[in-house]
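Participant: Listed below are the residues making up each chain.
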Amino acid sequence: MTRRVRLLVMAVGGTGLAALLVAACFDLPRFGGDQHPYGDRVVRASLARHTANTIASVNFDQRAFDTLGEMSILFASVLGTVVLLRQTRDEHRAAPEPEQVALPVRRYALLVLPVAVLTGLYVIAHGQLSPGGGFQGGVVVATALHLLYLGADYRALERIRPVGSYEVADALAASAYLVLGLAGLVAGTAFLADFLPYGTFNTLSSGGTVPLLNAAIGMEVACAVVVLLANFLDQAVEIEKEGET
Amino acid sequence: MDDPLIVVALLLVAGSATAAVAVRDPARQALVLAVLGTVLAVLFTVLQAPDVALSQLAVGSALTPLLIMLSVRKVRRPKRREETER
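If you read the sequences in order, they're chains R and L. Mapping of the first sequence onto the numbering used here: residues 1 to 245, in sequence order. Mapping of the second sequence onto the numbering used here: residues 1001 to 1086, in sequence order.
Hints should not be assumed to be uniformly reliable.
[Claimed, not checked] Below, a sample of chain L positions facing chain R; criterion: calculated Cβ distance under 8 Å:
hint, residue
1, Leu1043
2, Val1046
3, Pro1050
4, Asp1051
5, Val1059
6, Gly1060
7, Pro1065
8, Arg1073
9, Lys1074
[Stated by the list, open to error] Calculated lysine to aspartate or glutamate pairs in the EDC-like style (CA-CA distance at most 16 Å, straight line):
hint, chain 1, residue 1, chain 2, residue 2
10, L, Lys1074, R, Glu91
11, L, Lys1074, R, Glu167
12, L, Lys1074, R, Glu238
[What the hints assert, rightly or not] Simulated restraints, written as ranges between beta carbons of each label pair:
hint, chain 1, residue 1, chain 2, residue 2, range
13, L, Ala1017, R, Phe201, 37 to 43 Å
14, R, Leu7, L, Leu1005, 41 to 47 Å
15, R, Arg107, L, Thr1064, 25 to 31 Å
16, R, Ala171, L, Thr1064, 23 to 29 Å
17, L, Arg1076, R, Ala23, 46 to 52 Å
18, L, Arg1076, R, Thr189, 52 to 58 Å
19, R, Pro98, L, Leu1005, 32 to 38 Å
Hints listed in this document are in silico derivations from the structure and should not be mistaken for laboratory results. From the three backbone atoms N, C-alpha and C, an ideal C-beta is built for every residue, glycine too.
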């Protein structure tokens, strides 16, 4: 296939796709309309299962299988990062020198750190009740821990962040999600089915398996982000190529 | 589209997104990207999608700029070392 034929094939495909997209756009519902057929059905289903946050009900009950896929994507990409950013044979670790931190930065970071971690844990725990959930809370907790790098130094961060155990916890949380899905297969009707009692509406334990799956995702995301940032930080701060020092 | 709040949020997103493209220094780009993430979170909140807004706030305005900054530091480090040696 010559370059010209290839371009021609791409032009034909591209034109077709563009025409279909434009045609589809004309059939879209208007911006900000008051008719939401899917929204109405989803809200009805989530209220029937005593889950106050409809998004959590979609993520961890009605479309829990989608979330399994998303979790696997994150898990696989972090795994890929760990492999790519590993210390190779021609690199060595140089201990980073402790640096002076400006006093206001130190104060602010150490003041915000506990607040941010608590906020993240709150967002995870209330995933089935209020906006947020495992993913959002997990990212907040993981990034909040890195305020210690700003407020103190790299060694303080490394002390509270043994990467190995976070990697194990990441894998455990991912398997917990799978095990909960299989439990649905055994105790209920289908893989990832909501088999637990739904509980009282708008309490922490409501929603059956939703809070459990949410917690598993929260742990998975927090650990995955910590491992991801740890590998980036290692490369940026510690690992050096031979002959560069 | 009649809500002025939505129009303002959309304009802010367009402005900061253009700025993120116009800034050429990667380290500064990361900062502008953080601003863009925050503005996008505001837009999602105005459009009544607080779940998406929270994700955007956590990932777009904290995690992604941080990863970019760390990558920039890694890429630039050897060069800076040579300069200090000279």
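Participant: Does each hint hold? Answer for all of them.
Facilitator: Checked hints:
1. The interface hint given for leucine 1043 of chain L is violated, since its Cβ lies 13 Å from the closest Cβ of chain R, which is over the 8 Å cut-off.
2. With 8 Å as the threshold, the beta carbon of valine 1046 of chain L stays out of range of chain R, its nearest partner Cβ sitting at about 11 Å, so the hint is violated.
3. With a least beta-carbon distance of about 4 Å to chain R, the hint placing proline 1050 of chain L at the interface is held under the 8 Å criterion.
4. The criterion of a C-beta within 8 Å of any C-beta in chain R is met by aspartate 1051 of chain L, whose closest approach is roughly 4 Å, and the hint holds.
5. Satisfaction of the interface hint for valine 1059 of chain L is found here, the shortest Cβ-Cβ separation to chain R being roughly 6 Å, below the 8 Å cut-off.
6. At about 10 Å, the closest approach between the beta carbon of glycine 1060 of chain L and any beta carbon in chain R exceeds 8 Å, and the interface hint on this residue is violated.
7. Using the Cβ-Cβ criterion of 8 Å, the hint placing proline 1065 of chain L at the interface with chain R is not satisfied: the shortest such distance is roughly 11 Å.
8. For arginine 1073 of chain L, the interface hint holds, since its Cβ comes within 8 Å of a Cβ in chain R; the closest pair sits about 4 Å apart.
9. About 5 Å separates the beta-carbon of lysine 1074 of chain L from the nearest beta-carbon of chain R, less than 8 Å, and the hint is met.
10. Simply put, lysine 1074 of chain L and glutamate 91 of chain R have alpha-carbon atoms about 13 Å apart, close enough for the 16 Å limit, and the pair holds.
11. Only pairs whose Cα atoms come within 16 Å are accepted, and lysine 1074 of chain L paired with glutamate 167 of chain R is rejected, the gap being roughly 23 Å.
12. Our distance criterion of 16 Å between C-alpha atoms is met by lysine 1074 of chain L and glutamate 238 of chain R, whose separation comes to about 10 Å.
13. Here the CB-CB span from alanine 1017 of chain L to phenylalanine 201 of chain R is close to 41 Å, well matched to the stated 37 to 43 Å.
14. For leucine 7 of chain R and leucine 1005 of chain L, the Cβ-Cβ distance of about 45 Å falls inside the hinted range of 41 to 47 Å, so the restraint holds.
15. Remark: the range hint 25 to 31 Å for arginine 107 of chain R to threonine 1064 of chain L is upheld by a beta-carbon distance near 27 Å.
16. With their beta carbons about 24 Å apart, alanine 171 of chain R and threonine 1064 of chain L fall inside the hinted range of 23 to 29 Å.
17. The beta-carbon spacing between arginine 1076 of chain L and alanine 23 of chain R, approximately 48 Å, falls within the hinted interval of 46 to 52 Å.
18. In this structure the supplied range 52 to 58 Å holds for arginine 1076 of chain L paired with threonine 189 of chain R, their Cβ-Cβ distance being about 56 Å.
19. The beta-carbon spacing between proline 98 of chain R and leucine 1005 of chain L, approximately 47 Å, falls outside the hinted interval of 32 to 38 Å.
Consistency note: the structure conflicts with the earlier hints numbered 1, 2, 6, 7, 11 and 19.
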